[in-house]
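> Below are the chains, spelled out letter by letter.
2 protein chains.
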Amino acid sequence: MSDITRVALDAMGGDNAPGEIIRGAVEAVKQRGDIKVLLTGQEELLKKTLSEYTYPKDQIEVVNAAEVIETAEAPVMAIRRKKDSSLVVAMNLVKNGEADAFVSAGSSGAILVGGQVLVGRIKGVERPPLAPLIPTAKGVSLLIDCGANVDARPSHLVQFAKIGSIYMESVLGKKKPTVGIVNIGAEEEKGNALVKETFPLLKECKDINFIGSVEARDIPLGDVDVIVCEAFVGNVILKLYEGLGSTLISKIKGGMMTSLRSKIGALLVKPALKATLKNFDASEHGGAPLLGLNGLVVKTHGSSTSKEVCNSIIQCVTFKKQQINEKIKAAIQAQEEKKED
Amino acid sequence: MSDITRVALDAMGGDNAPGEIIRGAVEAVKQRGDIKVLLTGQEELLKKTLSEYTYPKDQIEVVNAAEVIETAEAPVMAIRRKKDSSLVVAMNLVKNGEADAFVSAGSSGAILVGGQVLVGRIKGVERPPLAPLIPTAKGVSLLIDCGANVDARPSHLVQFAKIGSIYMESVLGKKKPTVGIVNIGAEEEKGNALVKETFPLLKECKDINFIGSVEARDIPLGDVDVIVCEAFVGNVILKLYEGLGSTLISKIKGGMMTSLRSKIGALLVKPALKATLKNFDASEHGGAPLLGLNGLVVKTHGSSTSKEVCNSIIQCVTFKKQQINEKIKAAIQAQEEKKED
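Chains as they are written, first to last, in my numbering: chain A, 13 to 353; chain B, 13 to 353.
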């Protein structure tokens, strides 16, 4: 295995493309010598922008792609028709083994569809989950699944629990990560039909550290490392995390500006507050991986700045070193063999 | 109609019962002459506690109930067996027309079951929703449903939208309240099976101001007055609101204590910050009504202090004055007649 992690980066995807994406690539290769970025997009534009930076030239390669997939496009049609788009070209680099990982801030739908159609699922993985890290009082937890495929079945959730545990243990270095299922009460008999069916299946799993239900109130405390839920609920949790955090912070900032006394106080607390809020900033933790594919696909926030893009690229190195895909393959295979017994 | 609102208050329900419950009743009758509280629970204990306060004696009446329903008890069994519990006795006062409203900080499950079994549903109401107010950047929004009956059908959600609109317009005085359905994207074709089926039905409703999907990220902004969702999702939103808010605030407080400089700043911003956070405190907004019943049933937080109990009692006055039940009855009847056409 090569010591270089090759990352195919969709330069044209996201609200701040290509400027912030390219800057993120430059920051990543300046920080790390073990990364090579394959930047896909309109060659001339990318080369012109790159010429404004100083960086190790052999660590960024431009791969031409004439088209761009817009966020509003229907994902399946976009993937099928725009074969020369920055997103499809970058995914094909992973598919053909020319890159180890794919990173994009572009259309979520297109990334999810492309990941399954182009990069392809690991055999036995029923549904690849999108699994972002969310900040908690104790660090981060993995929220799995936040993808676009809603109305999951119990067997999907069991796979999410296994895949999520492997990710947290291997990439985040968390030994025997705790696994909880999102529920509306702590007792086993609580919940909707999906949760009630899934709960006993998770209890039976010997290869995960299942600790039962987790109520949404307790998620921010950080006692559960792998938070299992179906995608609709996961999406609600992730988006409310973002929305409530930013509303509360802007309320607090506004509140501090109401009197001269509080304005002076605000100046004094600012540095300490900034450090605190940085810990609660999702962009610090890179992008969300789409797990269970024959290659790594990472979706970063549509509004990603260079910092988030850079973190997402660097995240891919650990993923490759830890051979996450191989570990997921082995776990799913063991499950399949158990079924056949 | 009498000008006095009679509130049956379960003195034994909740983490801080009976002390904070009784204190809440005293505060309410001291503030308002148009309220009478019927306090249910162990007569001797209640009378002894009441004797410690000065208040208009004729506004609080003790109704004896020897038993207490614990939070851990199975709701249906508890309601059936403990006929002399403070909860059942209080609900029966509403059922028999001796009280206009019921308030309790006790077991959610028992309140939801008791509401339906003892107080009874308005004819045509398929499923009475639990609808708390949540704080937003612009004031409050109604989150409907957060109850215990999960796996709702589209017709339930349509009723929630109608009932919620009536509540926001009549009790909160919001003209033509906006209605949104919680979804994972803004477009009509997004969502799970339930949302996709419900969306066109809500669009057809002439008697509500439906504005489409609302993503969880945008809930705290407060542009949607009535936030419609099924109970599992509603419960996740409500609990995450509480949990994330308190984790963030404690992080911020902790962050302010990290240096001498920030400690001095914290002292200066404290009053302004307190006012801001008060706006975002759910307990300011009283309890959550269980709507669509033949009487008002209000569930306050299990950890309610006297302030929340007092607010919940006072809330019942507006509910009675505005004849919410009569309005809900009329709206549901109109819907039923339309079906028959």
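FYI, nobody ran anything at the bench for these hints, they're computed from the structure.
Possibly wrong hints are sitting among the right ones.
What the hints assert, rightly or not - In silico DSS-like pairs for lysine-lysine, Cα to Cα no more than 27 Å straight-line:
| hint | chain 1 | residue 1 | chain 2 | residue 2 |
| --- | --- | --- | --- | --- |
| 1 | A | K208 | B | K135 |
| 2 | A | K263 | B | K208 |
| 3 | B | K286 | A | K282 |
| 4 | A | K290 | A | K265 |
| 5 | A | K350 | A | K339 |
| 6 | A | K265 | A | K251 |
| 7 | A | K263 | B | K215 |
| 8 | B | K60 | A | K202 |
| 9 | B | K286 | A | K275 |
| 10 | B | K208 | A | K290 |
| 11 | A | K251 | B | K275 |
| 12 | A | K265 | B | K251 |
To be verified - From the structure, some residues in chain A lie toward chain B, with a derived Cβ separation under 10 Å:
| hint | residue |
| --- | --- |
| 13 | C158 |
| 14 | S167 |
| 15 | V248 |
| 16 | I249 |
| 17 | K275 |
Just so it is clear, CB atoms sit at the ideal spot from N, CA and C, and this is done for glycine as well.
> Evaluate each hint against the coordinates.
The hints, checked one at a time:
1. K208/A / K135/B: Between K208/A and K135/B the Cα gap is close to 31 Å, so the pair fails against 27 Å, i.e. violated.
2. K263/A / K208/B: violated (34 Å)
3. K286/B / K282/A: holds (17 Å)
4. K290/A / K265/A: Answer holds: K290/A to K265/A is near 15 Å, not above 27 Å.
5. K350/A / K339/A: The hint holds at about 17 Å.
6. K265/A / K251/A: Holds: K265/A and K251/A sit about 21 Å apart, inside 27 Å.
7. K263/A / K215/B: violated (33 Å)
8. K60/B / K202/A: violated (38 Å)
9. K286/B / K275/A: Status holds; Cα separation ~14 Å.
10. K208/B / K290/A: With Cα atoms ~37 Å apart, K208/B and K290/A exceed 27 Å; violated.
11. K251/A / K275/B: violated (32 Å)
12. K265/A / K251/B: Holds - the C-alpha atoms of K251/B and K265/A are around 24 Å apart, at most 27 Å.
13. C158: holds (9 Å)
14. S167: violated (18 Å)
15. V248: holds (4 Å)
16. I249: holds (6 Å)
17. K275: holds (9 Å)
Figure legend: structure checked against the earlier numbered hints; hints not met, in rising order: 1, 2, 7, 8, 10, 11, 14.
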